[in-house]
Amino acid sequence: MAQWITDILQSPLRVAMPIMTHPGIELTGKRVVDAVTDGQTHFEAIKAVVQTYGMAACTVIMDLTVEAEAFGAPVDFPDDEVPHVTGRLVSGADDVSRLQVPSLTAGRLPEFLKANRLAAAYFTDRPVFAGCIGPYSLAGRLYDMSEIMVAIYIEPDVIQALLEKCTQFLLAYCQALKATGVTGVIMAEPAAGLLSDDDCRTFSTEYVRRIVDAVQDESFSVVLHNCGNQGQCTQAMIDTGAAALHFGNAIDIRSALETCPADVPVMGNLDPVGILKQATPEDVYRRTAELLEATRGYANFVLSTGCDVPPQVPAENIRSFYRALEAYNRTLSPA
108 MAQWITDILQ
118 SPLRVAMPIM
128 THPGIELTGK
138 RVVDAVTDGQ
148 THFEAIKAVV
158 QTYGMAACTV
168 IMDLTVEAEA
178 FGAPVDFPDD
188 EVPHVTGRLV
198 SGADDVSRLQ
208 VPSLTAGRLP
218 EFLKANRLAA
228 AYFTDRPVFA
238 GCIGPYSLAG
248 RLYDMSEIMV
258 AIYIEPDVIQ
268 ALLEKCTQFL
278 LAYCQALKAT
288 GVTGVIMAEP
298 AAGLLSDDDC
308 RTFSTEYVRR
318 IVDAVQDESF
328 SVVLHNCGNQ
338 GQCTQAMIDT
348 GAAALHFGNA
358 IDIRSALETC
368 PADVPVMGNL
378 DPVGILKQAT
388 PEDVYRRTAE
398 LLEATRGYAN
408 FVLSTGCDVP
418 PQVPAENIRS
428 FYRALEAYNR
438 TLSPA
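If you're matching positions, the sequence shown starts at 108 in the numbering used here and goes up one per residue.
Check the hints yourself; a few may be wrong.
Claimed, not checked - Okay, the calculated beta carbon distance ranges per label pair:
| # | residue 1 | residue 2 | range |
| --- | --- | --- | --- |
| 1 | 135 | 210 | 29 to 37 angstroms |
| 2 | 365 | 389 | 25 to 33 angstroms |
| 3 | 389 | 120 | 19 to 27 angstroms |
As the list claims (entries may be wrong) - Restricting the straight-line Cα-Cα distance to at most 20 angstroms, the calculated cross-link-like pairs of lysine to aspartate or glutamate (DMTMM-like) are:
| # | residue 1 | residue 2 |
| --- | --- | --- |
| 4 | 137 | 186 |
| 5 | 137 | 218 |
| 6 | 137 | 201 |
| 7 | 384 | 133 |
| 8 | 221 | 141 |
| 9 | 384 | 397 |
| 10 | 154 | 218 |
Simulated from the structure, these hints should not be mistaken for laboratory data.
Just so it is clear, CB atoms sit at the ideal spot from N, CA and C, and this is done for glycine as well.
With the sequences and hints as input, model every part of the structure.
Below, the structure written as C-alpha cells:
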C-alpha cells in the first residue's frame with residue numbers, strides 16, 4: 108500500500124477509485140439484501156463491478172449498520188436499498204455501562220469478513236479496501252444521532268465511555284479485516300462532519316488515531332472518509348494519521364487539497380446521487396471533467412465519488428465517469 112500511494116503521487120496520470128459495489132450487485136442479478144447478508148454474493152458483486160469497469164482498486168459495500176447490528180441495534184433490510192438502523196440501543200450511563208463489546212462472530216460480521224477474504228484472494232493485482240464505520244458514527248447509531256449531539260456537551264463522560272467500547276470493538280474488527288489479506292480499510296466517519304474541529308478532535312480523532320496506530324503499516328492503509336465535513340474539521344481528519352483522506356461533495360475539494368499535506372492522497376468528491384445516479388451521461392461527463400480540471404495542479408488528488416455509489420446507478424453514467432477520466436489523462440500523456 109505504501110508503494111501504491113507513492114505511485115499515485117509520482118504518476119503523471121490521474122487515478123480513479125470510486126467507492127462502488129452496488130452496480131456489481133445488479134450485474135449479478137441479485138438484490139442488495141442478498142449481498143449484505145451473504146459473503147459469497149457480496150464477493151461476486153465486487154468481482155463483477157471491478158471486471159466490468161476495470162477499477163483500479165476494489166471496495167466493499169459501505170454498510171454502516173453492520174457494526175451497530177453486532178452490538179444489538181435493530182436493523183431493517185429493504186430488498187434493494189442499503190440497510191438502516193431503526194431504533195436506539197443505549198440511552199444513558201447505565202445502558203452504556205451494561206453494553207457488551209461484541210465478538211467478531213456477531214451478526215453479519217462473519218459474512219463481511221468472508222467477502223473481504225474472497226476478494227483479497229482473487230484480486231492480487233490491485234488494492235482491496237475493506238470498509239468499517241468510525242467510532243463516533245458508530246456511537247451515534249447506538250445512542251441516536253440527535254441525542255449524541257446534545258450528550259457530548261451535557262454528558263461527555265458517558266459518550267466517551269461509549270466511544271471506548273466502540274473503539275475497542277472497531278480495533279478488533281480492523282485487525283480481523285487486515286488478517287483476511289485486504290490491503291486497507293475505508294473507515295466511514297460521516298457523523299464527525301457535524302462537529303467543530305475541536306469537538307471532532309475530542310470525540311473522533313483521538314479514537315480513530317488509536318485504530319490507525321494499531322493497524323496501519325507499509326502493507327495496510329486506513330482511508331478516512333468523512334462526507335459530512337464541510338471544511339471545518341479537515342485538520343482533525345489529518346491529525347488521525349490516516350494514510351489517505353476521502354471527502355464528500357459537501358466540501359470544496361480544492362480547499363481540502365490546499366489544507367492537506369501533499370504526500371497524503373485526497374480522494375473525492377463527485378456527488379454519487381445528484382450527479383452519478385440522477386444526472387444524464389452528458390452531465391456526468393461534464394462534471395467529472397470539471398472536477399479533474401479544478402484539481403489539475405494537485406498530484407495527490409484521486410478521483411472518486413463523494414460517498415458510496417448507491418443502488419440503481421445507470422451503467423452509462425458510470426461509463427461517462429470513466430470516459431472523462433480517460434480524456435483527461437490523454438491531455439497529460441506525452442504526444
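Results for each hint:
1. 135 with 210: 29 to 37 angstroms: holds, 30 angstroms
2. 365 with 389: 25 to 33 angstroms: This hint holds: roughly 30 angstroms between Cβ atoms.
3. 389 with 120: 19 to 27 angstroms: holds, 24 angstroms
4. 137 with 186: holds, 10 angstroms
5. 137 with 218: holds, 16 angstroms
6. 137 with 201: violated, 42 angstroms
7. 384 with 133: With Cα atoms ~14 angstroms apart, residue 384 and residue 133 stay inside 20 angstroms; holds.
8. 221 with 141: Holds, at roughly 14 angstroms.
9. 384 with 397: Satisfied, since the Cα-Cα distance of roughly 17 angstroms is no more than 20 angstroms.
10. 154 with 218: holds, 16 angstroms
The structure does not agree with numbered hint 6 stated previously, though it agrees with all others.
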